[in-house]
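Enquirer: Which chain is which? The protein sequence lines are A and B, in order. The opening position of the first sequence corresponds to residue 1 in the working numbering, with each subsequent residue numbered one higher. The opening position of the second sequence corresponds to residue 1001 in the working numbering, with each subsequent residue numbered one higher.
By construction, these hints were calculated from the structure, which means they are not laboratory data. Keep in mind the model is a prediction, meaning the values are calculated, not measured. You may find that some hints are simply not true.
So, partial list: chain B residues that the calculated Cβ filter (under 8 Å) puts toward chain A [said to hold, decoys possible]: (1) Glu1016; (2) Phe1019; (3) Pro1021; (4) Asp1037; (5) Leu1045; (6) Leu1049.
Every residue, glycine too, gets a C-beta built ideally from N, C-alpha and C.
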Amino acid sequence: MGRFFSRLVAPAALIAATVFLGLTGPGQYTTLRILSATVVALPGAFTLGSTLAERLGLRRQPASRTVQGILRSKVVMVSRDERFRDVDASRISMHVWEVRPWWLRTVLPFAVRRRIAEWLSEDTVTRWGRRLTYLKCLAVYRMDPQPSSGVRFRKGKGLVGTCVEKNKRGKALFVDLESPGFQSAIASEGSWTNASPTITMHLSYREARTLAERYGQAAAWVIQDESGEAIGGLTMSLPTGCPVRIEEKSLNDLVLSLGETADIICSVLTGRKGTASLN
Amino acid sequence: MVARVEYLDETKTYGEIIFDPPTKDDVLDEYERLRNDIGLRVPKLEKRLAERRALGGTALGHSQAENGED
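Please put together the full structure from these sequences, using the hints given.
Expert: Below you can see the structure in the form of C-alpha cells.
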C-alpha cells in the first residue's frame, strides 16, 4: 500500500496539483509560473513513468533481478569455500543498496553537483548529501530468507551509509558487531548515547541492537560509476559466532573478488534499463 | 593485492581493508566467470570482452603467450 501510494498516487497528485496551479495562477508571470510548475512536476513524472513502465512490462528485466542473480552466485561461491566450512552458509547474506532518488543524478549530474560543492563548505555538502538522498535495498540474497530489519540507511548512517559517503574505491569497510567495544556500547541505551560516532555510525540504539541480533560481522564496498559518483554499496554479512574474520589475510581474494563484483553491478545499474540480463 | 588493514577504533570494531582497485581486466575476468556461471549479459561488458578477445584473448591467453605456450 505504501509503495502504491509513493509510486503512483503521490506523483500523480503532485503532477495534478502543479498543473492546476500552473494553469490557474494569477495572470502575471505566466511563463515563470508554467516553468516552475514543470520543474516541480518533473520528479513526479519520472516516478510515475517508471512505475507505469514497470507495471506494463515495458522494461525487459528489472535490474534488481539481475543483481540478485549475481548476489546468489557470490553467496553460493562463499558457501562452497573450504574456509567457510564451519559457518552456517544459509545465514550469509549479501545486499546491494542504491543511492536514491535516482532522478537527482539525471536532473543534476555529478559533475554539476561537484562544481556546486566546490563553492560550499564540507559540512554543508555532507549535511545536504545526507538530507537529499537515501539508500534503497535493491537486491538481497540469503539462502534462508529473513524479513527486512527495517533499518533505513542513509549516507553516513550505518556501515553501508558510511562506505557510500566515504566513496573510496579500493577500500572495503568492515564492522565486527561481536567485538567487546561494540558489545559494551550496546549494553544499554546510555552507553550507546555516550559511545563515539565511530562506533554508533549514527544508528539509533534500537537499530544497532536489531542489526547486532542478526549479524556478527559485515563488510561494505562502494559501487562507484565512471564519473566517480557513489551510486550504491555492496554488503556481505556473516552470522553471529562466525569463526572466520573478514579482514583476515587469508580472505584477501574474497575482498578483491567482491570489489570486482561491485564494478560489475555498477555496469548493470548504469547501463540502459533492462539491457543487462540473466539467460 | 590487498595492501593492509586499518582499524578505525581502538577496540577493532571498525576498520578498512585497503586494496588496489580492480583493473578493467580483473573486472572482465570476474564478468566472464559470472557469464559462464549464471548467464549474465551486460552489453557494456560484452563489448569490452569482445574488444579484449580481439586484442589477444583472455587474461589466461596473455599468460600463456608470455610463457611461450600456444
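Enquirer: Hint by hint, say whether it matches the structure.
Expert: Hints and how they fare:
1. This hint holds: B:Glu1016 has a C-beta 5 Å from the nearest C-beta of chain A, less than the 8 Å allowed.
2. Checking B:Phe1019 against chain A: minimum C-beta separation of about 6 Å stays under 8 Å; hint holds.
3. Checking B:Pro1021 against chain A: minimum C-beta separation of about 4 Å stays under 8 Å; hint holds.
4. Look at B:Asp1037: its Cβ gets to within about 6 Å of chain A, closer than 8 Å, so that hint holds up.
5. The beta carbon of B:Leu1045 is positioned within 8 Å of a beta carbon in chain A (closest approach about 5 Å), and the interface hint is therefore held.
6. Hint on B:Leu1049 is violated. Least Cβ distance to chain A is approximately 11 Å, over the 8 Å limit.
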